[in-house]
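J.: Make the full structure from the sequences, and use the hints.
Protein chains in written order, with numbering that gives the first Met the number 0: chain A, 0 to 667; chain B, 0 to 321.
Rather than coming from a laboratory, the hints here were simulated on the basis of the structure.
Think of the CB as a built atom: it goes at the ideal place given N, C-alpha and C, for glycine as much as any other residue.
A couple of the hints might just be wrong.
Some but not every residue of chain B turned toward chain A, in silico, with C-beta under 8 angstroms [unchecked claim]:
#, residue
1, 63
2, 113
3, 138
4, 245
5, 249
6, 253
7, 256
8, 291
Spelled out, the chains give:
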Amino acid sequence: MNSPIVLALTHLSLVLLLVAALWAVIGPQARGRHIFFGVLLLASLSALVAGLGALLGHTASAEYPALGLPWLHWHLTLDPLAGFFLALIGLISTAVSLYGPDYLLEHRHDRTALGHLGFFTALFVLGMELVVLAGDAFAFMVAWELMSLASYFLVVFRHEQAANRRAAFLYLLMAQIGGLFILLGFGVLASFGGGFAFDAMREAVLSPLWASVAFGLAFVGFGMKAGLVPLHAWLPEAHPVAPSHVSALMSGVMLKVAVYGFIRFVFDLIGDLQWQWGVVVLAVGSVSALMGVLYALMQHDLKRLLAYHSVENIGIIFIGLGLGIIFLASGQPLPGVLGLVAALYHCLNHALFKSLLFLGAGAILHTSHERDLERMGGLLRRMPWTGLFFLVGCLSISALPPFNGFVSEWLTFQTALQAWSLEGGVMRSLIPIAAAMLALTGALAAACFVKVYGVAFLWQARSRPVRRARPTPLGMRLGQGLLALLCLLAGVFPTGLLQLLDAVPQQLFGQGLTEATAHGWLWLTPLSARTASYAAPIVVIALAAVWLLGVWWLRRLAVNRIRVYDPWDCGFASSIPRPSMQYTATAFTQPIRRIFGVLFHLDERVERGEEIRYQLQVGDRAWGLFYQPVERIIRAAARRIGFLQSGQVRVYLGGALMTLLVLLWLIS
Amino acid sequence: MADLLNSPAAWGLALVQGLLFLLAAPLLTAWVRRVKARLQNRRGAPLLQPYRDLYKLFAKEAMVARTTSGLFLAAPYIVFGSTLLAGAVVPLLAVNLPTAAIADVIVLAGFFALGRFFLTLAGMDAGTAFGGMGASREMLVSALAEPALLMAVFTLAMTAHSTNLSSVVAYQLDAGLVLRPSYLFALLGLVLVAIAETGRIPVDNPATHLELTMIHEAMILEYSGRHLALMEGAAQLKLMIYGVLISNIFFPWGIATEFTPAALLLGLVAITAKLALLGVLLAVAETVLAKMRLFRAPEFLNMALLFSVLGLLSHVILEVGA
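T.: And the structure:
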């Protein structure tokens, strides 16, 4: 069903983003950022509404002869799959638009900084929306590059520091290599399908070998952008150095756009799935989830830690996708669809709670200029609202009921538990191992966020700026509060969301999860009522009832006073313990570091001089095992072909001529 | 599903079962202590002692460290509430109760995780070294124990094609006694997890406050009065839940499948006998074994995880096709 309103809203969103970008450059300085973020808010809201409209069945498509090449017009397609991700982009950038003006308060007199940030933020969001909306590979790649380049300029925002420039360059390099892989992947599909439009690619008939080649290219390309291990190295470098609201967009939304690309490419365009792909995706996803959370545990830079958690959550999403491919390819559409829906649900959840956590980290950064956990402490009393919202984020990302992260992990587990219906022994035994890794990941994530919350928000501050932290301004609180509320709602009312999400598998495979919501809004029954059920609203009501009854009953006790006194500490402390005596983030994870020691590159030093000094560096094993060998190979190859570089123009011209001749011979 | 959910009698029974859980939990703890005392040639406290302790704690004034935040006061309610909720969904006397449909076994693990999250945060809130140490160790233990728990129950869930605890138990009843290798592994894994998660010897020692290796007691060190009572109550409930899980999933015989007084009475007698036996076994194990060093605990837990995964693998490889 083609809806002109949805199309108009989509256009409105895109145009408003262009306006916002222009305004950032030419707009007047005084209060300019409020207008900028106001326009961004409108654009985000219209994207959100358009996306929801598409999910509800009001799709849209258009062709633009004016754009693109004369024989290769740009297409815009807003189907339910695109609609879901468009709504996701709109949702998170809505929260970011509320959060932004106050966050950028310190830059209010800096015309260049605001212009720079505003211009590229608007282009970044525009790029992401266009990627999702693109209806052909040409428009897709242009939008993809727009997204990559705009985010590069946002990462390099604080370019005075060499480390930031290095991080941004690494990001740009990997984004470009990833883009190349995607381009080649589209090339394979386009040559078989006879056109760059997605409709033509969908019709392409590929041999299994070529389909696998296309899949491999897409997996590497999109996996690089999504941050799958071992292609994640740019992520923990780039996300921390960007301004926090941009980190929220990058981690919460841009990684999802890469997931969108993967889903569109594999589930929609290639079409005929092969179970071996699912095994690869599942294995890489599991490793990413586990390694992501283990490395996150070792970090004490809050934003870096959150970036590693993105690796973990992307891993969880790809576990769902891998399960989906395996089941769909083995002729089990119902669990397959469940795996895909679990992955989509986790996309939404991760976008919500990760953006929430990044905005929280930004709030701390805003008031105390501190990213290091070891110097935080006691922030719950200094900034209660941010503390509360951050707690919601921690509970959600740790997959605890009744919050949203739990629902998607539960759905992923339910998919994995259908492994008995598969034929091959490889898959049947691989899936339980992946499920075990997912369970381990969840438990470790909880450990990590106990660490984060306990060290940063509880007890006493460990440094002067944190001790003087001030409550968060209203706009920033609104942005975080919106996301926190949505985290809770998405956890308590999963049936409603699943009904919305159902449009995506309906579009892709003509089959949905009809049984999941068959027993009313209260009961989530993904496959059947007998297999499993979960009633999140009842859980919330029961928890609240226990609390209220308990409080009411205890109020009636003879003694219900609370006396506030010094901590007891087993009688050891003669007075109140000092802040330096509390457990640090590094100390908290020491037991886990000891158990999983082989997986890290540890550099631990104890200097015994006048005073004992302890130093610990945790390096990423991926550098030594993957990147450095690759770098060595490239260097060696470059040396080998270096003899071509003779410095004589004649030789170069000869080479160019030869290449031309060979190419002409090839195509003749 | 609908007929089950609309039956008020079933809901009433479920409520009674939850209350029974609540009331019986201290008794199980007392029983274990009593048997242990006898094994050590002591007379031991009477079986009502934990009730008296809880009553005493509720009657006392609560002391709160001035370095804590609001989370410290809220945590006992959340810990207790989530543990009670976990207890409410475990089939104790009868299967097919409506509460079992609210949450399956993954949600059960989630309830435990929720309680643990707030327990550890509360331990860290006062900022004392003991609290941080206990929290760090608890997270270490649970990070390894939680996957082992899930894998152990997944073995049964895959056999029964359901993660619903009630369905699993009902399936076991129907299938009768079939000795499968996967069950044996899962049982071993679950027992080890239960020992670790309820803080028993050899992982933790519930009877000590002043030992550098302590875990659970270190986290609740700053609590007193009613807050301590709630925390202690939650720990007792947790022991009971694990006991019921082990006895009713692996040895479901006697549990009521229909809601008649005779069947329910039989169910009550059966679960009492099973828990009493388990309590004796636990007491014997705690008397014979010594507490391990903390860094031996991961080996213990890795063994639990290994058993559970082996159970799951032997199920999918050996038993599914056959």
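J.: All the hints need checking, so say for each whether the structure fits it.
T.: Consistency of the hints with the structure:
{"no.": "1", "hint": "63", "in the structure": "holds (5 angstroms)"}
{"no.": "2", "hint": "113", "in the structure": "holds (5 angstroms)"}
{"no.": "3", "hint": "138", "in the structure": "holds (4 angstroms)"}
{"no.": "4", "hint": "245", "in the structure": "violated (19 angstroms)"}
{"no.": "5", "hint": "249", "in the structure": "violated (19 angstroms)"}
{"no.": "6", "hint": "253", "in the structure": "violated (23 angstroms)"}
{"no.": "7", "hint": "256", "in the structure": "violated (15 angstroms)"}
{"no.": "8", "hint": "291", "in the structure": "violated (14 angstroms)"}
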